Each structure stands twice: as C-alpha cells, then as structure tokens.
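There are 2 protein chains.
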Amino acid sequence: METARIHRRHFLIGSASTAGAIAAAGVTGSSFPAFAAETKELPDYVSWKDADKLIMHTEQTLEMKRGAGGTSVITPNEEVYIRNNLPSPDESIVADRDAWEVSIEGVNDPRTLTVGELKNIGIETVATVLQCSGNGRGFYEHETSGSQWLTGAAGCILWSGVPVRKVVEELGGLADGGNFMTSTGGEQLPEGVEEKDIIVERSVPAEAMENAILAWEMNGDEMPLAHGGPLRMIVPGYYGINNVKYVKRVAFTEEETDAKIQASGYRVRPVGVDGAPDQPSMWEMQVKSWVTHPLKDSESGRVQIYGVAFGGDKPVEKVEVSLDGGESWQDASFIGPDLGRFAWRPFLLTADLEPGDYVITSRATDSDGNVQPESTEPNHRGYDYNGWDRLAVEVTVV
Amino acid sequence: METARIHRRHFLIGSASTAGAIAAAGVTGSSFPAFAAETKELPDYVSWKDADKLIMHTEQTLEMKRGAGGTSVITPNEEVYIRNNLPSPDESIVADRDAWEVSIEGVNDPRTLTVGELKNIGIETVATVLQCSGNGRGFYEHETSGSQWLTGAAGCILWSGVPVRKVVEELGGLADGGNFMTSTGGEQLPEGVEEKDIIVERSVPAEAMENAILAWEMNGDEMPLAHGGPLRMIVPGYYGINNVKYVKRVAFTEEETDAKIQASGYRVRPVGVDGAPDQPSMWEMQVKSWVTHPLKDSESGRVQIYGVAFGGDKPVEKVEVSLDGGESWQDASFIGPDLGRFAWRPFLLTADLEPGDYVITSRATDSDGNVQPESTEPNHRGYDYNGWDRLAVEVTVV
Numbered sequence: 001m002e003t004a005r006i007h008r009r010h011f012l013i014g015s016a017s018t019a020g021a022i023a024a025a026g027v028t029g030s031s032f033p034a035f036a037a038e039t040k041e042l043p044d045y046v047s048w049k050d051a052d053k054l055i056m057h058t059e060q061t062l063e064m065k066r067g068a069g070g071t072s073v074i075t076p077n078e079e080v081y082i083r084n085n086l087p088s089p090d091e092s093i094v095a096d097r098d099a100w101e102v103s104i105e106g107v108n109d110p111r112t113l114t115v116g117e118l119k120n121i122g123i124e125t126v127a128t129v130l131q132c133s134g135n136g137r138g139f140y141e142h143e144t145s146g147s148q149w150l151t152g153a154a155g156c157i158l159w160s161g162v163p164v165r166k167v168v169e170e171l172g173g174l175a176d177g178g179n180f181m182t183s184t185g186g187e188q189l190p191e192g193v194e195e196k197d198i199i200v201e202r203s204v205p206a207e208a209m210e211n212a213i214l215a216w217e218m219n220g221d222e223m224p225l226a227h228g229g230p231l232r233m234i235v236p237g238y239y240g241i242n243n244v245k246y247v248k249r250v251a252f253t254e255e256e257t258d259a260k261i262q263a264s265g266y267r268v269r270p271v272g273v274d275g276a277p278d279q280p281s282m283w284e285m286q287v288k289s290w291v292t293h294p295l296k297d298s299e300s301g302r303v304q305i306y307g308v309a310f311g312g313d314k315p316v317e318k319v320e321v322s323l324d325g326g327e328s329w330q331d332a333s334f335i336g337p338d339l340g341r342f343a344w345r346p347f348l349l350t351a352d353l354e355p356g357d358y359v360i361t362s363r364a365t366d367s368d369g370n371v372q373p374e375s376t377e378p379n380h381r382g383y384d385y386n387g388w389d390r391l392a393v394e395v396t397v398v
Numbered sequence: 001m002e003t004a005r006i007h008r009r010h011f012l013i014g015s016a017s018t019a020g021a022i023a024a025a026g027v028t029g030s031s032f033p034a035f036a037a038e039t040k041e042l043p044d045y046v047s048w049k050d051a052d053k054l055i056m057h058t059e060q061t062l063e064m065k066r067g068a069g070g071t072s073v074i075t076p077n078e079e080v081y082i083r084n085n086l087p088s089p090d091e092s093i094v095a096d097r098d099a100w101e102v103s104i105e106g107v108n109d110p111r112t113l114t115v116g117e118l119k120n121i122g123i124e125t126v127a128t129v130l131q132c133s134g135n136g137r138g139f140y141e142h143e144t145s146g147s148q149w150l151t152g153a154a155g156c157i158l159w160s161g162v163p164v165r166k167v168v169e170e171l172g173g174l175a176d177g178g179n180f181m182t183s184t185g186g187e188q189l190p191e192g193v194e195e196k197d198i199i200v201e202r203s204v205p206a207e208a209m210e211n212a213i214l215a216w217e218m219n220g221d222e223m224p225l226a227h228g229g230p231l232r233m234i235v236p237g238y239y240g241i242n243n244v245k246y247v248k249r250v251a252f253t254e255e256e257t258d259a260k261i262q263a264s265g266y267r268v269r270p271v272g273v274d275g276a277p278d279q280p281s282m283w284e285m286q287v288k289s290w291v292t293h294p295l296k297d298s299e300s301g302r303v304q305i306y307g308v309a310f311g312g313d314k315p316v317e318k319v320e321v322s323l324d325g326g327e328s329w330q331d332a333s334f335i336g337p338d339l340g341r342f343a344w345r346p347f348l349l350t351a352d353l354e355p356g357d358y359v360i361t362s363r364a365t366d367s368d369g370n371v372q373p374e375s376t377e378p379n380h381r382g383y384d385y386n387g388w389d390r391l392a393v394e395v396t397v398v
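Note that the protein sequences, when read in sequence, are chains Y and H.
The opening position of the first sequence corresponds to residue 1 in full-length UniProt numbering, with each subsequent residue numbered one higher.
The opening position of the second sequence corresponds to residue 1 in full-length UniProt numbering, with each subsequent residue numbered one higher.
If you're looking for bench data, these hints aren't it; they were derived computationally from the structure.
Worth double-checking, as some hints may not be accurate.
Intra- or inter-copy, both count: the list cannot distinguish identical chains.
What the hints assert, rightly or not - Quick list of in silico lysine to aspartate or glutamate cross-link-like pairs, DMTMM-like style, CA-CA up to 25 Å:
| no. | residue 1 | residue 2 |
| --- | --- | --- |
| 1 | Lys248 | Asp297 |
| 2 | Lys119 | Glu299 |
| 3 | Lys296 | Glu354 |
| 4 | Lys296 | Glu105 |
| 5 | Lys119 | Asp357 |
| 6 | Lys119 | Asp324 |
| 7 | Lys119 | Glu354 |
| 8 | Lys260 | Asp274 |
| 9 | Lys260 | Glu59 |
| 10 | Lys119 | Asp331 |
| 11 | Lys260 | Glu194 |
| 12 | Lys314 | Asp98 |
| 13 | Lys318 | Asp338 |
| 14 | Lys119 | Glu255 |
| 15 | Lys248 | Asp50 |
What you are looking at is a predicted structure, and each value in this text was computed from that prediction instead of being measured.
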C-alpha cells in the first residue's frame, strides 16, 4: 500500500536542526544504561528469555536492548521482543501442537485444518524482519500512549511453515471477492467486553498471501507460545501486528474486518485525530536502519561501526553511515549472508576516529530508491519512527 | 586436500546389495525411538540444552536426534551436538570474554591479542555445517571405538567473528614458510600426561585461512562455553575437530603439529592400520545428505519428505530422493534461503505414497559434480559415513 508510505513521507520535518538531532541522540545514547538498570524479573510466560538482553516496559511488552543481537543476521529467540495485545493463552495449547485447528474461509472448499494436516500440504522457510508498529515511538517528541520503544521492538527471524498460497490451492482456490486476508488470533477474550473491541483480528491485502506462511517454527525451534505457537500467520514485509499469533481463522474477505484493532487501531493519522478506516493501515514496513555499535564512549583509533538495515517489503540496497550527524556520509558494507528481501542485513563501516564528539547514524536505501528520511513527522500513535536524526547515537572518543 | 576425498572414494563398496541397505536402514528407523528413550539428565555444563532433542552418548558427547532440527536452515544452539575431546574449561573464562587472549604466530609481527582487540580488527558472519568427523560412525558394520553417532553430530550455524586473513594482514602478513594454520585449544590439561598426547591442537592447510574466522558469536548469541567460548576457530568446510575451541594460539607453521590428535588421530586409514602423518587428515568435508522426515510409519497419501544436504567445502547443487532404496530417484527442491557454500540446505520432496514398505533415502551432488556414494568403505576409526544406503530410513505406509 503506497498510501501509507507516501503519507508518512509527507510528514517529514525538513527543518530539523543538527542541534535537535544531537540532543535527541543524546537521549538514546545516554539513557540506554539507565533503561538497562531498570530490567525487572521476567514474567513466567517468557521466563526462558535472556533478561540481560531485554528491557521490560510492561509484562506484555519487552524490548531487545540496542546493543544486543550481535552481527549474525538472525535474532536469537531469547532476545526477540514481545508485544502481546492480550495475555498469552494457556500453555495447554502447545501440549499437542499438531492438534491446533485453523479454519480457512473465503476459499472454494472452506475447511478447518489441523497443524498436522498443514504440515502435509507444503513447507517453506522465510527470513523476515518482525517489527512492532510502535518501534521507535520513544524518539517522537510529542506525547504518545503505549510503550516508548526505542530500536528493540524488532528482530530478524527464520520462520518455517506452510505457504498460504498452497493451502488456498489445496482448498480449491480463492472464492470470489476475497480482497483481504483476515487472520484471527486464538487468545481467550476477557468477559464483559465487546468482542470486536478486543479481538486480535487483522486484514491485509489478499496479495500478501503470495509470501505469507502459516508458521510452526521460529529459528529452527517449535514456535514458542509467547510468539504465537502452535501456529502463527507470518506476512513478510508487514508490521508485527499483521503476523497474528495462535491463528485460529484465516478468511479471505471482501472487506477489512471491523475489529477495532483494524478499523481504528494501527492507523497512521495526524496528532489529535481519531482513528478511522480511511487512514493508512500499518501494513508494509518502510526502509530503516540503525547503528547498534558503538553506543558508548570509545577509545580513539579504529572503531567498527555496525548496525542493521532493511527495506521493509523490498530488499535493502545500500547503507551509508554518518559520523557528523548527517553532514557527510560514507558507504557501509554488508556483513554475512543475504537471507532474502524480507530479512535485515547487518552492515559495517570501519572508521579511524580522532578524539572528539561524534553523532553516528545510518541511512538505508531500498531497491526502489526509497531513502530513509532525516526525520519522521509526528503521527498520533507514534508509529515507526525511521528518521536517521533521532536514531543517531552520540559518542565521545577520548 | 583432494587426497582425502580420492582416498575415500576409492573405499566405496560397489557391490552393496539392496537387501543389505534395507537391513541397515531398519536399524536407523526403528532404533530411533529406543535411543530417544535412553536420554539421561544433561551434565551441568550443557544444562541449558534441549534434552528432548538430544541423545547423550557420554557426558562429553551429545547428539541431536534425527527428527529434531526442523526446516529453518540453522540449528538452534540448544540442539547443536557436543563432542569435547577434553572437559570444558571453567566458567570463569567467559566471565570477561573480551579479556581472553590469543597468541598469533608465524606472522611478521607476532602478537597476543585480546578478544576485545580482535573485535576492532574486522567482522564477518558465515554459516557453516559443523560436523564431527565421526558423524555416521554408527552406520559402519565393523567394530569402531568412539561414540556411535548416527546423523546428529552435525548442525548448521551462523558464526560471527573476525576474518583470520584480516588479523594476519594487521600483523604484517604471513612470515615465510607458513604452510599450515595451527590452532591450539585452551583446555586445562590433566597432570601426569604428556602434553602432546592430549592437547587439542590442529593444523589445516594455510589457505583455509581465507575463509576462517575467529568467532565470538554463535547464531547471534555469545559463543557458549560448551561450544568454545569466548573464542573459537571456525574453518568453514572442515570437520568439527579443526574448529578449535577456547583457541589460545594460532600459528602459521611450516609443518603440521606433532600433537597426537593431528599426527595419528583423525586420519583416514584402513581397518587395523595405525594412524600416521602420511594418511589423509580429516580436513575438508564431503558431499552428504540425509532424510529427517518421515522417520516412522506414515499414513498413506501425500507425505512431505525432507532432510538436509551439503557439499562439504563446495556448494550443494542437487539432491535426489529415492523411495525404493536407490532403484529410482526424483529431484527434490531446496527450502528457504541459501546461506552460502558452507551451509547446508534443507530439501523437500512431496510424494503420494500408497500403502506399502518404503526405503527412503537421499543423494546429494556438489557443484563439482561429486555425488554422494551408495556406500562408504570401512575406515579404522569409522569416520564420516556418507553412503546413501545406510543413511536410508525404512517407512511403512498404512
């Protein structure tokens, strides 16, 4: 959906001053250790995660620290962020993973299939960036509700499951009028609340089916319950919210669902404006990158500057690094294997740094020539800040 | 070293009967659940591993079950096999990872570098198959000492670290006469034993340096102590033994080390013959594949047959699957992203199976046209069985 991208590009602050960038960068660099110190004990349902690598905003929202994640392309499951709209279902749903059922509708031969049956239809593996719509919210200056994510509500993951297009083919193909692929989560809904106000149900354009998989595996392990096991809808290139967990229904529908999470939630809109179905939905991700090293003061001499870059729903083609807050740029190189257009790529620039103050940031370009902007204009919910100004880090070299 | 490959090819049993193949396959398929039942409590140093996915041969040798590992290309750290020649060093060596020292010798400016310093020289990420020389030993019919590995002393891993060639360049380049790259492990040696009889020190041809890295990261996580952290030599395409753990010295030497593990150990030799330096060393791996699903009886109808395939030190180009013990073959397709020439690739063949007995096996071909053989002639130590006959699984479809 180009509308979302154009909409956001229109929001750019063209006049962000370097001073502003430095100040914002200072917040990132300096507040980082403070955030780390606040780490609390992990809740039971994610007790297997690596607490040292995470920042816990709430019981349902955990972010990977900016310096975690390494340079190995994939993000270990223990470090992948958590953002659950509803509490995780009971562990009993992963006791017999193959028995989990998903109803497939809007096809010529609608059926309920078990995971065991899905495993017999086909297998595909795809690496994708999983990124929360609100990743970077903490960089906006306007007041926003929700977790103040910095860079860590994102990871790069290898998923394995059945291609949705193969399931559709198996069930006689799409019925007429299937404009959207609508996935429903299997969370237990609290009582006394209108279902459509609370249910996790998301629609994406039906063509997203071409790359989507119903996944039971995450980085080679059974899909953890906390990440949507036994079965999760993976829509490569789309924001995390569209990757519905514990998916119990996939329907090809004429209209988008009227669930609140779709109708008014996850809409890009000016500050102060209510959410509505005619606003761009948080579907395809946009080009983005950030530095993950160094984040702190450094000794002079040679410094390895690295981070991650991705194109959203397109391959990332180029990354540049600036040491002076965007005054000048140098081409970085990519590290390691290319896991495909939906994955991120670690990048590297080796620099010789004299003593002094640096504002280090990165700027990615996707294969269509879209360049990561200097700044991102405020939107009401503080979605996906991708401006290279505030993603910068301030480093003093001594 | 072509010698090793030619040597082993010369060992092929050309006359292995199909009946023999079926019998051997039966051992694999049927004994699998029995092995699984024998799983014991994991030793402390690998207590973080996934016991359900492992077979424990001894405290120092743990194998991944054939059905574990999934289809996501990489093997999760929790499932990667363990084969330690000596007990793991004390955990104190990973308390300050950046302080670990490695001495670099046989360069023009020899020096001892810390991991912290290495991290400033360069960064590269490479996916490799890590495979024990003895993987498949259990398929040989002759008596062999050592763990009776089946398929699971192997995994595919993303490593991140500094390219050895950059370290060499940093230290003024190779000194004259550096024919071999000799790496020494930092294990504490038991007292009262001749050092060269016990030390883990391995030489590989110096040109292996071109792809080698000194790695501090394994699948995005800090290198676990049990896998060689803080620092491990990774020699892509070479058997596990050459990927020296807790590496404390890398020397470019004129001769191979005279340590027993090199001079007489890990040599390919006829049964009953003593190990000697003129025999082929377990260096580059050979083309290999095996099916990981199905391993058990199956219902009739469509069955997804999958497994893993690799070319050793060359890319794998093709995999064929046979349902009749090698009488006929069908081309399989690869699943997911290609992580490079040293990685394995999951493969898939979808088959419609009528009720009956099947002997399912796979046969890989590397980019040089080397084809995985029908059988592997016995060698004294039972190294790397790669014959598609005994790697087969017997499946009854009802």
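Right, here's what the structure says about each hint:
In this assembly of identical chains, Lys248 and Asp297 lie within 25 Å of each other by CA distance neither inside one copy nor across copies; the values are 49 Å within and 29 Å between. For a Cα distance limit of 25 Å, the shortest separation of Lys119 from Glu299 across copies, 13 Å, qualifies, whereas the shortest one inside one copy, 53 Å, does not. With identical chains, the CA atoms of Lys296 and Glu354 are at most 25 Å apart within one copy only, with a shortest distance of 15 Å there and 63 Å across copies. Proximity of Lys296 and Glu105 under a CA criterion of 25 Å is satisfied in neither setting, with 52 Å inside one chain copy and 33 Å between copies.
In this homomeric assembly, Lys119 and Asp357 come within 25 Å of each other (Cα to Cα) only across copies, at 22 Å, whereas the closest approach inside a single copy is 55 Å. In this assembly of identical chains, Lys119 and Asp324 lie within 25 Å of each other by CA distance solely across copies; the values are 23 Å between and 51 Å within a copy. In this homomeric assembly, Lys119 and Glu354 come within 25 Å of each other (Cα to Cα) only across copies, at 19 Å, whereas the closest approach inside a single copy is 56 Å. Taking the shortest alpha-carbon separations for Lys260 and Asp274, only the intra-copy value of 12 Å comes in at or below 25 Å, while the best inter-copy value is 75 Å.
Within a single copy, Lys260 and Glu59 get their C-alpha atoms as close as 22 Å, which meets the 25 Å cut-off; across copies the closest is 55 Å, which misses it. Taking the shortest Cα distances, Lys119 and Asp331 sit within 25 Å of each other only across copies (20 Å), while inside one copy they are farther apart (43 Å). In this assembly of identical chains, Lys260 and Glu194 lie within 25 Å of each other by CA distance solely inside one copy; the values are 10 Å within and 73 Å between copies. Taking the shortest alpha-carbon separations for Lys314 and Asp98, neither the intra-copy value of 33 Å nor the inter-copy value of 37 Å comes in at or below 25 Å.
Both within a single protomer and between protomers do Lys318 and Asp338 lie at most 25 Å apart by alpha-carbon distance, with minima of 13 Å and 21 Å respectively. With identical chains, the CA atoms of Lys119 and Glu255 are never at most 25 Å apart, being 29 Å at best within one copy and 53 Å at best between copies. Proximity of Lys248 to Asp50 under the C-alpha cut-off of 25 Å is found in neither arrangement, the shortest distances being 29 Å within a copy and 28 Å between copies.
The structure does not agree with the numbered hints 1, 4, 12, 14 and 15 stated previously, though it agrees with the rest.
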